[in-house]
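Sequence order for the protein chains is A and B.
In terms of my numbering, the first sequence opens at residue 1 and continues consecutively.
In terms of my numbering, the second sequence opens at residue 1 and continues consecutively.
It is possible that some hints are incorrect.
[Claimed, not checked] Label pairs and their computed distance ranges (CB to CB):
id : chain 1 : residue 1 : chain 2 : residue 2 : range
1  : A       : 237       : B       : 171       : 33 to 39 Å
2  : A       : 171       : B       : 216       : 31 to 37 Å
3  : A       : 233       : B       : 303       : 27 to 33 Å
No lab work stands behind these hints: they were computed from the structure.
Just so you know, even glycine gets a beta-carbon here, dropped at the ideal spot from N, CA and C.
Residue strings, one per chain:
2 protein chains.
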Amino acid sequence: MRATYLHGEGDIRLTDTPQPEIEHPTDAIVRVTAACVCGSDLWGYRGARGGEARRIGHEFVGVVEEVGAEVRTLRAGDFVIAPFVVSDGTCGPCRDGVQTSCVNGGAWGSTSRAGERLDGAQAQWVRAPFADGTLVATPVTPADSLVPALLSLSDVMGTGHHAAVSAGVSPGDTAVVVGDGAVGLCAVLAATRLGAERVIAMSRHADRQRLATRFGATDIVATRGDEGVAEVAELLGGRGADAVLECVGTKESMRQALDSVRPGGRVGYVGVPAGGPELPIGQMFSNNIAVAGGVAPVRHYLDALLADVLDGKLDPGPVFDSEYPLERVADAYRDMSDRKVIKPLLKP
Amino acid sequence: MRATYLHGEGDIRLTDTPQPEIEHPTDAIVRVTAACVCGSDLWGYRGARGGEARRIGHEFVGVVEEVGAEVRTLRAGDFVIAPFVVSDGTCGPCRDGVQTSCVNGGAWGSTSRAGERLDGAQAQWVRAPFADGTLVATPVTPADSLVPALLSLSDVMGTGHHAAVSAGVSPGDTAVVVGDGAVGLCAVLAATRLGAERVIAMSRHADRQRLATRFGATDIVATRGDEGVAEVAELLGGRGADAVLECVGTKESMRQALDSVRPGGRVGYVGVPAGGPELPIGQMFSNNIAVAGGVAPVRHYLDALLADVLDGKLDPGPVFDSEYPLERVADAYRDMSDRKVIKPLLKP
């Protein structure tokens, strides 16, 4: 079978690799029916360190082909959604709903905290450890038209939702979303779903502005920095927003978020911190700005979001604006890196 | 009348000063019946910059002597509690319950955001601007025995409560309180009041440990740093706490807090940041640790806490372990600075 390997900077290749097999009785083997490329995959792609080629990809849906003897909740033939992190479902953090901190877990395409190699998911087949704790099966095999929406629950929609939950978005709130990538766009949808009355999307790209509006944004702000802060305040009658959803991860985007929130407001952030390890506590203290969020425990949100997708109440599917056969995975990376596409879906 | 002035490092004096008068129709004149010294007063006391002597003190209760023509909720003779910050009660932040960010407000003994001089409260009389927005009257004149508890609502109890609310303390939670000053001790009481099942007080002083236990602490940890973190984890079965209440404000105490919380847990902080303006966002992100808090909007909490004090359900009064006539204010500062007393009450 074939799997995607990152060999070095800008060097993504589909390579023949052995079919995965059950290694532990809690494993399942999944045939991947759709995967995708994440903004965070591009970090490795753009600035890969040397060393061994590694399997990559952490978002997928597929069909269970085989389960280990101890798997209880899944059987062969089930359609499953895989959160981007493997989790055992039984440890303290898993029980607390923070499966991203699972003591045995880790992201697909890395090594788990328990020291286990985790397959990258931009591939035809994947071995899923802790299948009961990790995978979520749909009640019936979904129509093909639902696949993009279901795939988004693997990461981007759950992550956008985590930004909204962490920012405490409540009915009637005003919300600002910083970042117009796939996660930011899903955050717009999440804030709308949680009842925000005003959702201001900060975006400078016409295609993303259109999708933000389709996802519920009531206003678009195309400026940044102090100018962007002023424009948000003008839209909100001279005030900051109740909630700001930070979906980028740079120092500049966090500053944008902190400067856009009202006293006593909340910043929910999901952008992997890339702009430095620090937050300005003085500004937070004086203005009682709460900062919450982190790596999204997508598994925790999956049941509720899945129910809404299956009920037709939630459709993040359009966040995938392009589709590539897995053979063209290198093109998908290049086009996403060049910002020609928002988020490419891969069909093995 | 006499008022306390800070003249320079270690130089606190009671000085004759003109009786305050109504300056605006929204003012009230209050005869102070009890005031106290705050940990933050000691910063000025210990490291006063040169320049003009200034009135000091921001916590008091007293009796309204006179009100301006536009004051609606108070009348002469009312017993009132003054939050440590003046607030107009009508601006956006005040309506949002963040009176500490009032656009016209400021702390007693400073200059307001509107540019108005605000009297220091370690004095016989005080002019209270925005009396309706700032002061809270008790339904009847309270017994003398209740005065310490009511005075604590002016700052320390409301601030400890803000730490607990910001840390999201809920029934059944495990909580750690970092800091055994008056605020930390009140935070123990607040966490207990909000239903925490375990409240671990970090304290190295026998007198404070006793008061923490009296206020509801189920456990005392006398160690700090990694050793303290390990001891907390041992008490909690190998896990971090659901909620950590940071009541000091140094870099070390914030690190203690962040290292003591479980993945997905919450740090509520009220210690004025003195140890640097930064927070480690990488650690927060990986573990989904929320950080909330800031300068406590005591006014927002006053009605609920006052009701509990008057009902006999809440008694933070013992946090005052000493009492000085206002004439001995210099002794009160010295003894608190030398940690001979936890928190001195001043009787004008």
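For the hint 33 to 39 Å, verify it against the beta carbon of residue 237/A and that of residue 171/B. About 38 Å separates the Cβ atoms of residue 237/A and residue 171/B, which means 33 to 39 Å holds.
Check the following: the C-beta atoms of residue 171/A and residue 216/B are separated by a distance inside 31 to 37 Å. holds (35 Å)
Indicate whether the distance between the beta carbons of residue 233/A and residue 303/B respects the range 27 to 33 Å. Check passed, 30 Å falls within 27 to 33 Å.
Violation of the numbered hints given earlier is absent; every hint is satisfied by the structure.
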